[in-house]
Amino acid sequence: MATAQQGILDLLSPSPPGWGGVLLAGAVSTVAISACAFAVGLLLGTGGALGKLSGNPVLRLLIDLYTTVIRAVPELILIVGLYYAGTDGVNRLLAALDLPPVEVNGFVAGVAVLGFVQGAYMTEVLRGAILAIPLGQIEAAKAFGMGPVLRFRRVLLPALLPNALPGLANLWMSVTKDSALVAVVGYQELALATRLAGASTKHYFVFFLASALLYLAITLVSNVAFKLIESRVRRGQPRLA
Amino acid sequence: MNFTWISSYWALLLTGAWQTVSLLVISVTFGFVIAIGLAFAQVSGGRITKLLARGYCTFFRGTPLLIQLWLLYYGVGSLLPMIPGIRQSLLWPVLREGFFFASVSFTLNYAAYEAEVLRGALLAVPKGELEAGRAFGLSPWKLIRRIWLPRAIRIALPTIAGEIVMQLKATPLAFTVTVMDLYAVANKVRQDTLLVYEPLIVVTLFYLALTAVIARVFRGLEAQVPVRR
Numbered sequence: 306m307a308t309a310q311q312g313i314l315d316l317l318s319p320s321p322p323g324w325g326g327v328l329l330a331g332a333v334s335t336v337a338i339s340a341c342a343f344a345v346g347l348l349l350g351t352g353g354a355l356g357k358l359s360g361n362p363v364l365r366l367l368i369d370l371y372t373t374v375i376r377a378v379p380e381l382i383l384i385v386g387l388y389y390a391g392t393d394g395v396n397r398l399l400a401a402l403d404l405p406p407v408e409v410n411g412f413v414a415g416v417a418v419l420g421f422v423q424g425a426y427m428t429e430v431l432r433g434a435i436l437a438i439p440l441g442q443i444e445a446a447k448a449f450g451m452g453p454v455l456r457f458r459r460v461l462l463p464a465l466l467p468n469a470l471p472g473l474a475n476l477w478m479s480v481t482k483d484s485a486l487v488a489v490v491g492y493q494e495l496a497l498a499t500r501l502a503g504a505s506t507k508h509y510f511v512f513f514l515a516s517a518l519l520y521l522a523i524t525l526v527s528n529v530a531f532k533l534i535e536s537r538v539r540r541g542q543p544r545l546a
Numbered sequence: 053m054n055f056t057w058i059s060s061y062w063a064l065l066l067t068g069a070w071q072t073v074s075l076l077v078i079s080v081t082f083g084f085v086i087a088i089g090l091a092f093a094q095v096s097g098g099r100i101t102k103l104l105a106r107g108y109c110t111f112f113r114g115t116p117l118l119i120q121l122w123l124l125y126y127g128v129g130s131l132l133p134m135i136p137g138i139r140q141s142l143l144w145p146v147l148r149e150g151f152f153f154a155s156v157s158f159t160l161n162y163a164a165y166e167a168e169v170l171r172g173a174l175l176a177v178p179k180g181e182l183e184a185g186r187a188f189g190l191s192p193w194k195l196i197r198r199i200w201l202p203r204a205i206r207i208a209l210p211t212i213a214g215e216i217v218m219q220l221k222a223t224p225l226a227f228t229v230t231v232m233d234l235y236a237v238a239n240k241v242r243q244d245t246l247l248v249y250e251p252l253i254v255v256t257l258f259y260l261a262l263t264a265v266i267a268r269v270f271r272g273l274e275a276q277v278p279v280r281r
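Chains as they are written, first to last, in my numbering: chain A, 306 to 546; chain B, 53 to 281.
Treat the hints as calculated values from the structure; they're not laboratory data. Careful, some of the hints might be misleading.
Said to hold, decoys possible - Restricting the straight-line Cα-Cα distance to at most 30 Å, the calculated cross-link-like pairs of lysine-lysine (DSSO-like) are:
| hint | chain 1 | residue 1 | chain 2 | residue 2 |
| --- | --- | --- | --- | --- |
| 1 | B | 221 | B | 240 |
| 2 | B | 102 | B | 179 |
| 3 | B | 102 | A | 532 |
| 4 | B | 179 | B | 194 |
| 5 | A | 507 | B | 240 |
| 6 | B | 194 | A | 532 |
| 7 | B | 194 | B | 102 |
Looking at chain A on its own, in the form it has when it is part of the complex (with noise of 0.2 Å):
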């Protein structure tokens, strides 16, 4: 048993025999795939939460349609799709300019994949975060003379944070559980590296045993920073029950 056990401790090791390394690197990839999904998906959903509420009816059909399709068709699927429709898009685009076709960077092409589906649920998040805010407090930043971009700055956004950031915490989880899919298109994220470890070695459960608790650290580890960042953001409010 203590041989077995050196060996799995072995196979684990960062050095190159073990593959501790390549899983951390992917976790390393993981963390940094979903956050710049998650900081693309805040900037459409703020975009889309705000159309939606601009009363334009035009904007709002369109930002109702990206909302809907998105929330409703199954992630693998989207992430597989806009995969294909993204590059071959990009191509298009380049041929039509007189550009040589490029490579889509497998990273670039994740983040916007999972950015774009993010941006659907960060509308909806966002959309009722704002419609939470006591319309008096607009409207006294309005009686203040402030412009659009200092009212959101000053009013808007220290306002809705506190309603919209455990939405956010979940979008967040589900962006990092979803960026494992972005394997299936062949960006070598812990999934990806995961798979890879264990098909050279054989020793799938333990790879993905570990690569499972890679992922349960960052929940956890990002759940305790959102209790931090809830705190920071209530602060003033009078606690509830």
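Following the hints, complete the assembly by docking chain B onto the known chain A.
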């Protein structure tokens, strides 16, 4: 857009839809039963059961379904043949299939999410109704069966519908372990005909139709339960 391939693939599409629906029904049914146990363990269990149930939910909700599926299919699947006599057993043809591993991992995963929903619903049942049941002399088991669980399920119904749709949207992962589900059929059509978007669009319509059916069924279920507002 070219949809002429449908005429030669419709049988395969139907098998794929059948596989997708079976995966969904199996995982939701068994997952729900496990979830009831997990939810009660967290709400009214002892220290150790509580801890175990919490740990289960944290693990399955904190790791990607894809990893759980692969852990089972590649990990446990590679260890199974080491059990003596298992290759000769009647179960082996089932245990060898990707479909079996997909069903098990989807079930375990669904149970974890559903348990959280039910836990909240169990806590949301008004205390007075439980006390009234106890005052009538219902045994704890009868209290659960007649009042606590039915009330909680009623409270959770809209959320359960959402969870089942999420589960439907997770089933395409089964294609990574050789299950011929709807998505796998789209993949096969792409490999055969080099059409990328058309098969994806067709299977997406299938998924949308299934979602509509689930929503309809739950609207009916919710209407079945008399409520006074």
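Do the hints match the structure? See the list:
1. B:221 - B:240: holds, 19 Å
2. B:102 - B:179: holds, 21 Å
3. B:102 - A:532: holds, 23 Å
4. B:179 - B:194: holds, 16 Å
5. A:507 - B:240: Holds, at roughly 28 Å.
6. B:194 - A:532: Violated: residue 194 of chain B and residue 532 of chain A sit about 39 Å apart, past 30 Å.
7. B:194 - B:102: holds, 22 Å
When each numbered hint is compared with the structure, a violation occurs for hint 6 only.
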